[in-house]
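Visitor: Chains as they are written, first to last, in this note's numbering: chain S, 4 to 335; chain C, 10 to 375; chain E, 3 to 354.
Don't take every hint at face value.
Residues on chain S that point at chain E, a partial pick, calculated with CB under 10 angstroms [claimed, not checked]:
1. Lys5
2. Lys120
3. Glu277
4. Leu288
5. Gly291
6. Gly292
It should be emphasised that the hints constitute simulated quantities derived from the structure, not laboratory data.
Even glycine gets a Cβ: it sits at the ideal position worked out from N, Cα and C.
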Amino acid sequence: MKSLIQKLVETPGPSGFEYKIRDVIREAIGDAADDIRVDALGSLIAKKGTKTDHGLRVMVSAHIDEIGLMVTHIDDSGFVRFTNIGGINPLTCYGGRVLFMDGTRGVIGLDGLDRGKMPKLSDFFIDVGATSKKDCPVKIGDVCGFERPFLDLGKRMVAKSMDDRIAAVIAIEALKQLESTPHEVHFVFSTQEEVGIRGATTAAYGVDPDVGFAVDVTRSGDTPRPSTKMATALGDGPAIKVRDSSFIADPRLVDWMVKAAEDAGIPYQLEVLEAGGTDGRAIQLTRGGVPSGCVSVACRYIHSPSEMVDTDDVENAVKLLVKLLSEPIKLG
Amino acid sequence: MTKKFEVSTGIAPEIGASQIELLEKCCNATAVSGDEHEVRQIVLDEVKVIADEVKVDALGNVLATKFGRGDDRVRVMLAAHMDEIGFMIVKKHDDNLFEFECVGGIDERQLPGKSVLVGRDHLPGVIGAKPIHLTTAKERKNKIEVSSLRIDLGPEIGEKVKPGDRATFATRFELLGPSIRAKALDDRLGVATLIELLKHAPDNIDLLAAFTVQEEVGLRGARVAAYAFDPDMAIAVDSTPAYDLPHWDEEDENVQYNTCLDAGPAIYVMDRATIADRRLVKLLTETGDQEGIPYQFRQPGGGGTDAGVIHKTRSGIPSTSVSIPSRYAHTAASIARLDDWANTLRLLYAALTRVTPELLAGERRD
Amino acid sequence: MSELLALLKKMTSASGLSGFESPIREIIREAWEPLTDDLSVSKIGSLQGLKKGRGEEPRHRVLISAHMDAIGMMVTEVKHGLMRITEIGGIDHRILPGQLVTVHGREELSGVVVQPPAHLLPESAGDGPVEMKYLLVDVGLRPEEVAEKVRVGDLVSYAQQSLELTGEALAGHTLDNRVSVAATTLCLEALQNRLHDWDVWAVASVQEEETLGGALTSPFDIRPDIAIVVDVCFAKSQDSNDWRSLPFGEGVGLGYGPNIHPALYDAFEKKAKALEIPYNKDLMPKMSGTDAMAVQIVAEGIPCAILGIPLRYMHTPVETVSLKDIRRTGRLMAEFIADLAPDALDQFNWEE
């Protein structure tokens, strides 16, 4: 599993430009799925299982895009100005390394390092080693992601874009480990979540599920002095989301997910996130409504180039997802 | 008065006197978000004689379809919004002065000392400002809040104006050399362009023209228009700001100009609402290169167009936007170049003639 | 006690926070059962009641949307026998200290919201109003008991009892939006004795305060031809007295702005005048802050009217409303619906 995680987190794929990630996922799934298609916004949808009398059409959604940067201007000296794709924290930029979709690499610099003020994104620039506009290999509209190698600390793992590639890995593993299911499961590897949950919106409309589960990362409250206290912690098990700031999980599903975890002896924690949003919202508000929930993996340093998760949490999330999909789903 | 119009497919549209006259009529009309009646009437008069189907939907969008010929036609939706930013009267005070709210994004610093037109009858009024003699230096450091501004239509306005009435800046359309100066170039330029494209719709596509409402208050009309049309692809035709003025410190380069006047139609790769489908961007740039039509890229960053909701409709619609650059959008007087408008019209027409089913056959990639 | 008062007291005794509307839904279901031909629950929990019109199919459909969810709080952490909370829907943290609440844990517990003393808070909190993230809820039990009975994700609702004030005014919590559900109930009652051509879909929608989820989804399946959204609007009080607030107890608010189809506004105004029901124009220059924001843009678009019941002190436990305005709203809706001719849809167009 760790080599798949490494492959996925080290491949660039900011929102709107996920095509390389799709290729990795297609290869990883191999012929474990009954059918694979790609929709109009680039989401990859892998179908497995046939709906029986006790079954439903289930959508599982993990987003494959990451935050990144897009070039807005090359100045006369060859320095590159940019705007954000998704939520970029200026704190994570200075000295950061970036990788463009065509392989060009660069480093992020800052106009006048004034230690009193928090800089704006427009104060930063990318230096690709060009000396003028003419010899600069990138142009307006080019796209890059942050670059950091995957780091295996044993019990913990660190990489950029654990949000949400770790969920993609969980979904792929669950797809492969799912031996029998009464459901028709659509594993959606969705695009453009970081810019407004766009891929899941259209994928959900197309799949038209009876029930939906998002798989994503969530914040953890276990670092020194977090700005908002939170009960979630690394190593306490996959989190069953009760709500975040954009979505209230269907309480019938939450109860059922808790029971399933307890039945299978899988550790879990309940999550209330006073921020953020996930694919769950998009699924829940599709068409005439879809009862939806979310399995989360606690993660430290989200949207920094070094996001950290717990290996056991990830493995337990796979187990939980397989358990949820292997049996009929009880809606209260 | 209806016009007899011969459909002239195969002939590229150009900007001439009658196109400019139509734009003038559109710009001078009042159509604040939620009350697009005046522009809707102009649009209906123009499109009823050329479209195969015309419908006004539940929100007031005008949906006009021009069918092409032959098999395997791609269904192309173009959207231009009829509404403009403006004001709503919210209260009549005892002194016969009217309190108002802004509708759509307006910088309140653009308001004091302007003339406005109120209601369907375009009654003239002014947004007054305190005489400088009666102000202090300290006071002049602060913005004047909208809630303290009033519209004055004279002491005997009586019941002719009431809360709920809309108002816009009173600026009238004028040609100034190579430029157009008017209010609401955002998006009357798009509306006029879309009417011309409908008149010249090429045979290889079904052209689904959406003249949308309520773009300025949340891209609302386009959402239901896209659901109804369910097209294969979409392009929003809008007007985007050109912040191409010099930096006050001549040493510094202006790196956030968004677009420049005289650089041609602005093709979008990303704004805050849409990450463009690059297949459509490529179609537009290749068309421009092959036809010798100048174009520029709108700087990726903020803002949004109708494409922002269209591309997320149903199971997804490949989309992008093309805008005519204009300076001073969302103020009393915007400025755009006739050439930029003409080149936008040419680029869109030529691109439409190049649309084939192969364009969207594969996966969305780079 | 009038039936309306009894219904309101019953409804405000049940919780029904956004996303967790089951308790209130059951009460509304009981009230609507004898008044409708069919009752169903949407996939995310909205209650949908159909009262069929007479006349041959296909009949036109009018949808009434009154959100049944309410604002409240949720437990984010349980420590030392005390709870931290976050909001569901918008709450001004300044009204929280000292409020009596109910914690819906493994059992219902009575609690109070506590503002910790300044020396126990970070310096940055200053001496101004204390933000919600620093407040605590104390249910008076020892930590071991609390740990068994309460967990992260449990709901917390206001516990203020409703109070009958003078002039047929009622004060309490969750009157936003139970008063509109009550008005809809009165409308359905009135329609028992009136013939109507159109099908009426009464929807007690979910999640208005958080995601507009109910308003986005029920109309997608029902596809009404027009919709009437009933919600509370601002009533004038000592510090809410600009143009956004309507006089208290002096009539129904008729919404006016981009969310509302002007032909529906005109039709309701005409009807109110004819019935001598007092009303006031309720200006909504941009978005209305109601279910109509969503209903209007579902599928191919739905013409909307917005009826507002003026309410003071919105989103506090002492929201105050006039029962007269609730009755007026119910009656206006019933008469409007009863008078909808089979071909009335044609008049709600844009050709002015």
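Visitor: Output the indices of the hints that this structure fails to meet, ascending.
Guide: Hint check: 1, 2 fail, others pass.
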